[in-house]
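Trainee: Residues per chain, in single letters:
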Amino acid sequence: MKEDQNRIPAVVHSLGKRSKNDSLGSRASDRDGSVASPFLEVSNLVKQYPAVTAVDGVSLQVPEGICFGLLGPNGAGKTTTIEIMEGILAPTAGEVRYRGVPIGPTFREEAGILFQKTALQDFLTVRQSIALFRGLYDRGLAVDEVIRLCALEKLVDRDNRKLSGGQQQRLLLAIALVNDPALLFLDEPTTGLDPQARRKFWELIQSIKARRRTIILTTHYMEEAELLCDEIAIMDGGRIIAQGPPHRLLREHFAEVMLELPRQDFPESARALPLRIIDAAQRIEITTDDLDTTLRTLIDAHVPLANLRIRPANLEDLFLELTGKELRA
Amino acid sequence: MIKRLLAVWHARNLEFVRDRPTMIFTLLLPLMLVVGMSFVLGGPERAIFKVGVIGNSIDKTAHPFLRERFVDFVPVNAESDGLRKVTHQQIDLLLDLHSSARYWVNTDSPKGYIVEKLLLAAAPDAHRQPVSGAAIRYVDWLFPGILGMNMMFSCLFGVGYVVLRYRKNGFLKRLHATPLTPFEFLGAQVLSRLGLILFVTGVLYAGIGSIIHFHTAGSMALLILLTVLGALSMIALGLTVAARFSSEELVGGLINLLTWPMMLLSGIWFSLEGSPEWVRWIAAIFPLTHLLDSARAIMLDGAGIAQIAPHLIYLGVTAFVFLAFGAWSFRWRAG
Chain A
0 MKEDQNRIPA VVHSLGKRSK NDSLGSRASD RDGSVASPFL EVSNLVKQYP
50 AVTAVDGVSL QVPEGICFGL LGPNGAGKTT TIEIMEGILA PTAGEVRYRG
100 VPIGPTFREE AGILFQKTAL QDFLTVRQSI ALFRGLYDRG LAVDEVIRLC
150 ALEKLVDRDN RKLSGGQQQR LLLAIALVND PALLFLDEPT TGLDPQARRK
200 FWELIQSIKA RRRTIILTTH YMEEAELLCD EIAIMDGGRI IAQGPPHRLL
250 REHFAEVMLE LPRQDFPESA RALPLRIIDA AQRIEITTDD LDTTLRTLID
300 AHVPLANLRI RPANLEDLFL ELTGKELRA
Chain B
0 MIKRLLAVWH ARNLEFVRDR PTMIFTLLLP LMLVVGMSFV LGGPERAIFK
50 VGVIGNSIDK TAHPFLRERF VDFVPVNAES DGLRKVTHQQ IDLLLDLHSS
100 ARYWVNTDSP KGYIVEKLLL AAAPDAHRQP VSGAAIRYVD WLFPGILGMN
150 MMFSCLFGVG YVVLRYRKNG FLKRLHATPL TPFEFLGAQV LSRLGLILFV
200 TGVLYAGIGS IIHFHTAGSM ALLILLTVLG ALSMIALGLT VAARFSSEEL
250 VGGLINLLTW PMMLLSGIWF SLEGSPEWVR WIAAIFPLTH LLDSARAIML
300 DGAGIAQIAP HLIYLGVTAF VFLAFGAWSF RWRAG
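Chains as they are written, first to last, in numbering that gives the first Met the number 0: chain A, 0 to 328; chain B, 0 to 334.
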């Protein structure tokens with residue numbers, strides 16, 4: 000973790016086009032070379048409800064300019080954690096610091112938020128919806144620039160209720176960007192989108208990353224986290240159970256590679272082989288740190304290998320490894 | 000602050016104006032009510048005379064005239080009150096039997112002319128004191144009530160349900176993530192609704208007024224001031240109800256709990272004169288009662304600001320108290 004914070008230290012990042020806000024982004028301590036505070040720091044966060052502890056002692060630090068992923072199964076406490084970080088939900092205990100100071104009234108001027116579920120005001124067009132939110136901030140981007148950034152040019156006069164799921168999410172992203180935020184929260188932004196819309200959305204997020212904005216992302220899609228996140232934290236039961244850059248976490252948890260075979264190609268007799276076998280829905284997965292020996296074992300057992308697929312472990316494997324495969328209540 | 004308030008205000012106006020069915024319903028309902036009520040109640044008058052007798056009660060044995068058939072004798076507490084009713088032909092004749100019999104009759108009233116003949120047949124020495132003035136039709140009396148009722152529904156349901164919907168669908172939560180404050184949000188809602196109410200009430204006043212040939216006796220400026228204060232008080236009441244709840248059933252029930260007593264007791268359809276003291280005491284709590292009493296005083300009797308000042312103060316104070324309470328108890332999110 001420490002190594003990776005150094006990899007993307009806050010002082011290294013400029014804000015790209017954010018020249019107007021540079022003074023906001025550069026603390027005196029950064030300029031004189033002393034150790035900078037984390038861009039966003041969460042300390043011992045607890046959120047207790049009468050029947051459940053949704054967040055149970057979460058601490059994390061987010062360096063400036065990275066995309067930080069918060070992953071976890073349903074009910075893990077991701078949304079509660081991110082809403083406390085956004086400043087719209089009060090914690091039972093703990094603290095959130097932004098640029099070294101507890102989040103206060105000015106934080107909302109500098110943060111952009113895309114909630115998991117948001118309705119907009121009825122009867123407003125795309126442009127009017129964006130203009131409404133632009134009017135709530137003292138500074139930010141021009142409405143036309145936000146429209147262009149989110150590829151909404153052809154939809155500006157359409158009623159916001161008549162947008163497809165992907166278009167709706169692009170509009171909500173545009174609204175989250177109207178104040179040209181230094182910090183962008185995206186809570187499951189692509190849930191429910193079709194693959195094309197999801198990929199379009201990923202392109203937009205990557206373009207925002209290219210502008211050196213700090214992004215906090217929660218998602219259920221491991222492919223999304225793998226593609227977008229520089230660092231992830233996996234939550235379960237209100238706690239962080241793993242944190243770090245995806246490649247490092249994979250290296251730490253998986254020295255092996257994965258072999259995948261269609262279930263019909265894997266004879267029952269082969270189950271007796273000295274292999275680590277995992278039953279998946281339509282396939283058999285075998286994990287190994289000695290690929291040559293495993294392949295030889297399979298060939299000797301006359302297992303057909305025409306449809307064999309060998310792949311390294313991915314975030315989904317890590318997620319399932321850490322949080323288990325049981326369906327959560 | 001003003002910029003943010005204006006941004007929300009503008010968006011809310013667009014939402015209302017583009018919601019055509021609601022807009023049409025808001026305009027048509029009161030028109031249909033006035034036309035319907037004037038049709039039902041505006042037919043031939045019943046062949047009966049109404050005579051006010053000064054005093055708390057009527058002793059039928061006190062004078063032979065009080066035993067006349069087809070004449071309603073109603074007690075009138077104050078002479079000034081009786082004179083106003085004779086002037087507006089709400090009674091056909093006012094009689095004072097305390098010393099020598101004297102009476103007031105409206106020289107413009109045909110029924111007054113006939114009932115005077117009946118009185119003189121029974122009391123030839125009665126002393127005549129003529130007054131004059133045009134009759135107040137029921138539709139004229141009803142007109143302020145209909146406008147006030149429309150305002151009440153627009154304030155309570157239009158504001159209360161809109162805020163509730165915003166809270167339930169997460170729009171308020173999204174606004175909460177911006178620098179917008181509760182006061183700015185509520186202020187925008189109040190101003191937006193106030194503007195719409197003034198516009199709609201103005202259109203209805205002009206439209207229905209021209210249909211029923213209504214003319215306001217008093218100051219239009221005072222009437223507008225009263226409308227603003229009355230609307231503010233009821234909008235703030237609607238915001239108070241919707242300030243923190245997220246259950247449609249609960250908010251609907253609370254709004255109904257406010258609207259129905261106001262519908263029945265604030266004097267929309269009929270006067271509360273002669274009703275028990277406790278009924279009038281309850282009615283005096285409602286902002287609509289103060290709005291209608293003073294609106295009728297301005298529109299029908301030409302009352303000035305001094306006469307309706309207590310009502311204006313009550314509406315202003317309740318507007319402030321409701322709005323302060325609403326802002327204090329406001330919640331951005333459900334649950």
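Hints are computed from structural coordinates only; laboratory data are not their basis. Even glycine gets a Cβ: it sits at the ideal position worked out from N, Cα and C. One or more hints might be untrue.
To be verified - Which residues of chain B face chain A? A partial, calculated answer using Cβ under 10 Å: (1) 324; (2) 327; (3) 328.
Claimed, not checked - Some chain B residues near chain A, calculated using beta-carbon distances under 8 Å: (4) 13; (5) 59; (6) 100; (7) 101; (8) 169; (9) 177; (10) 179.
Trainee: Look at each hint and say if it fits the structure.
Mentor: For each hint, the structure was consulted:
For residue 324 (chain B), the shortest C-beta to C-beta distance to chain A is roughly 22 Å, which exceeds 10 Å, and the interface hint is violated. The criterion of a C-beta within 10 Å of any C-beta in chain A is not met by residue 327 (chain B), whose closest approach is roughly 17 Å, and the hint is violated. Evaluation of the residue 328 (chain B) hint against chain A yields a violated restraint, the C-beta minimum of about 17 Å exceeding 10 Å. Among the interface hints, the one on residue 13 (chain B) holds; its C-beta lies about 6 Å from the nearest C-beta in chain A, closer than the 8 Å criterion.
Interface hint status for residue 59 (chain B): violated, as the beta-carbon distance to the closest one in chain A is roughly 65 Å, over 8 Å. Of the supplied interface hints, the one on residue 100 (chain B) is violated, with its beta-carbon coming no nearer than about 68 Å to a beta-carbon of chain A, more than 8 Å. Taking 8 Å as the C-beta contact cut-off toward chain A, the hint placing residue 101 (chain B) at the interface is violated, the least distance being around 65 Å. Satisfaction of the interface hint for residue 169 (chain B) is found here, the shortest Cβ-Cβ separation to chain A being roughly 5 Å, below the 8 Å cut-off.
For residue 177 (chain B), the suggested interface contact is upheld, since its CB lies about 4 Å from the closest CB of chain A, less than 8 Å. Annotation: interface hint on residue 179 (chain B) holds; nearest CB of chain A at approximately 5 Å, less than 8 Å.
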